[in-house]
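J.: Sequence:
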Amino acid sequence: MKYIKDIDWSLLWSITKDIILPHTGTLILNSILFLIIGLFLSIIYAVILHKKGVLKRKPKYYNWLVKLYIPIIIGLFMYIFGQIGFLRGVYKIIDKEKAIVVNGLYDVSIDYTFDSEESKNDFIKRLQEAAKEARTGSNYLSDILKISAVNYNTGNSVIDAGKNKLSLYLIDEYGDEIYTTGMYAMLNVAGAKAHININEALPYNEFSSAMEILLDVGYNDIEIAVKDKLTNWFSTMLESQYKSMVKSLCFLLLIIMAFPLLEFFIYTRYMKAQNKDKKA
1 MKYIKDIDWS
11 LLWSITKDII
21 LPHTGTLILN
31 SILFLIIGLF
41 LSIIYAVILH
51 KKGVLKRKPK
61 YYNWLVKLYI
71 PIIIGLFMYI
81 FGQIGFLRGV
91 YKIIDKEKAI
101 VVNGLYDVSI
111 DYTFDSEESK
121 NDFIKRLQEA
131 AKEARTGSNY
141 LSDILKISAV
151 NYNTGNSVID
161 AGKNKLSLYL
171 IDEYGDEIYT
181 TGMYAMLNVA
191 GAKAHININE
201 ALPYNEFSSA
211 MEILLDVGYN
221 DIEIAVKDKL
231 TNWFSTMLES
241 QYKSMVKSLC
251 FLLLIIMAFP
261 LLEFFIYTRY
271 MKAQNKDKKA
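According to the UniProt record's numbering, the stretch in the sequence shown is residues 1 to 280, in order.
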């Protein structure tokens, strides 16, 4: 699963305004909690360094200089843990609101085709025609879905512009995965009715048969199945993004912790070399 590379600032502000800001308390609480954890751990680490003699040097000016490690370590620990707390707050908020996000995603990508049995049947027939033209047409069908989603006006007053922007952005960034997830959910519904094992690779004739059976499946059942799969996909994507960013911050923290130890190692090697020269 690919990661978000480019920042769309208008999208970011819309998401922040419509989803994050209403839960400011959660964001502040997590940030403060992790700031306290960072302060506590930084003090412990600084005390350990002091007791192990890492912050002691023989030249007086050097001895005073290395004492600057203490405020620097505390500041950097709090900065990193503050970011982790902020990210955790954002993660918890979006995870809490994922039902709204998934509904918005469904509204602008799939729901418009299933307003009735007739619209569902018409959509599936068009899928069949496209599948006959290109058996590996996931990209082709995904493009059709994207174009239709952009042109479709949901008319849903609950899903505001910010949430719609997020849904459209997810379609643009993860169009293939959304297509695969949605189609897999539909085929699961059809497969259960036809006693077909969807978990195994389907030959084209079985795929075509499943598409035929979809015509007899209620559109409400398909809606529930697709939303369930989209919810699982969104949760996985969100967790992946969160863990990736936290891992990067933890790696940076390890570098910060290792720096005074590395500097002390170089210092001790230098002092040993100096003492050998004096004895010689």
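Calculated directly from the structure, the hints in this document are not laboratory data.
Quick caveat, the model's predicted, so the values are computed rather than measured.
It is possible that some hints are incorrect.
[Unchecked claim] Lysine-lysine pairs mimicking DSSO-like chemistry, simulated, CA-CA at most 27 Å apart: (1) Lys227 - Lys60; (2) Lys17 - Lys67; (3) Lys52 - Lys67; (4) Lys227 - Lys52; (5) Lys98 - Lys17; (6) Lys229 - Lys243; (7) Lys229 - Lys51; (8) Lys243 - Lys96; (9) Lys227 - Lys56; (10) Lys227 - Lys98; (11) Lys51 - Lys227; (12) Lys243 - Lys51; (13) Lys67 - Lys92; (14) Lys92 - Lys17.
J.: Evaluate each hint against the coordinates.
T.: Against the structure, the hints come out as follows:
1. A threshold of 27 Å between alpha carbons decides the hint, and for Lys227 with Lys60 the separation of about 67 Å lies outside it, so the pair is violated.
2. At most 27 Å may separate the alpha-carbon atoms for a hinted pair to count; Lys17 and Lys67 exceed this at roughly 43 Å.
3. A distance of roughly 14 Å separates the Cα atoms of Lys52 and Lys67; the hinted pair therefore holds under the 27 Å criterion.
4. Restraint check for Lys227 and Lys52: the C-alpha separation of about 56 Å exceeds 27 Å, so the hint is violated.
5. The suggested pairing of Lys98 with Lys17 holds, with an alpha-carbon distance near 16 Å, which does not exceed 27 Å.
6. For the suggested pair Lys229 and Lys243, the alpha carbons sit about 21 Å apart, so the restraint of at most 27 Å is met.
7. Restraint check for Lys229 and Lys51: not satisfied, since their Cα atoms lie roughly 54 Å apart, outside the 27 Å limit.
8. Pair hint Lys243 plus Lys96 holds up; C-alpha atoms about 17 Å apart against a cutoff of 27 Å.
9. Restraint check for Lys227 and Lys56: not satisfied, since their Cα atoms lie roughly 61 Å apart, outside the 27 Å limit.
10. The hinted pair formed by Lys227 and Lys98 meets the criterion: a straight-line CA distance of about 11 Å does not exceed 27 Å.
11. Between Lys51 and Lys227 the CA atoms are separated by roughly 57 Å; this puts the pair beyond 27 Å, and the hint is violated.
12. Between Lys243 and Lys51, the direct Cα distance comes to roughly 34 Å. Violation of the 27 Å bound is thereby established for this hinted pair.
13. A distance of roughly 38 Å separates the Cα atoms of Lys67 and Lys92; the hinted pair therefore is violated under the 27 Å criterion.
14. Of the supplied pair hints, the one linking Lys92 and Lys17 holds, its CA atoms being roughly 16 Å apart against a limit of 27 Å.
In the structure shown, a violation is registered for the earlier hints numbered 1, 2, 4, 7, 9, 11, 12 and 13, in ascending order.
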